[in-house]
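Enquirer: Given only the sequences and the hints, what does the whole structure look like? Please build it.
My numbering numbers the first residue of the sequence shown as -4 and each following residue consecutively.
Honestly, the hints are just simulated from the structure, not real lab data.
No experiment lies behind these values; they were computed from the predicted model shown.
From the three backbone atoms N, C-alpha and C, an ideal C-beta is built for every residue, glycine too.
Be careful, since some hints might not be right.
What the hints assert, rightly or not - Per label pair, the in silico range of CB-to-CB distance:
| no. | residue 1 | residue 2 | range |
| --- | --- | --- | --- |
| 1 | 155 | 129 | 16 to 22 Å |
| 2 | 78 | 49 | 15 to 21 Å |
| 3 | 74 | 17 | 23 to 29 Å |
| 4 | 73 | -4 | 16 to 22 Å |
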Amino acid sequence: MLIGDLVRFRPMEPEDAEALWRWNSDPEAMRWLDDGYPESLAQATARHSERERNFYGHVLFGIETIAEGRLIGLVRLSGAEPETGDADLDIYIGEKDCWGRGYGTEATRMICRYGFAKMRLHRITLWVAEANAAAIHVYKKVGFVEEGRAREAFRRDGDWHDLILMGLLDGELNA
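Expert: Here's what the structure looks like:
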């Protein structure tokens, strides 16, 4: 288990399916994420129970508060290959009452440290909607830099938004 000052990471459990379903059904929580199509709680539970175990190429952790032991989000490094030393980062805080409290920043730093130290990655990348100012602020604070842009690649509420490619190299993580 990885532990910080505010949050700890833990493996996802079958009983977490309900929280994930609730977050994925919340338009505000999913505003800047690819939300796919609606699914029932039964479908989400079945999909969650079939989730593969963590391995080098794909690690997924629940983000839990230290103070309450409450699951508030998730973080994942995927697509990792030892030959390239590169992985993709996905993170979100689904509990809206936990937004803006430093949990996402600490979790982003922790997963990057884990990727560089434990997985021996050289590079971590992510895509973020240009209009998601809060996330971009967190990523820049941690040390990510803008590396590219996919123009009008994300649609939300009838409007097209650019997606920004951001990257972080081993040694660039801001403490």
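Enquirer: For each hint, tell me whether it holds in the structure or not.
Expert: Okay, the hints, checked on the actual structure:
1. 155 x 129: 16 to 22 Å: holds (20 Å)
2. 78 x 49: 15 to 21 Å: holds (20 Å)
3. 74 x 17: 23 to 29 Å: Holds: the Cβ-Cβ distance is about 27 Å, inside 23 to 29 Å.
4. 73 x -4: 16 to 22 Å: Check passed, 20 Å falls within 16 to 22 Å.
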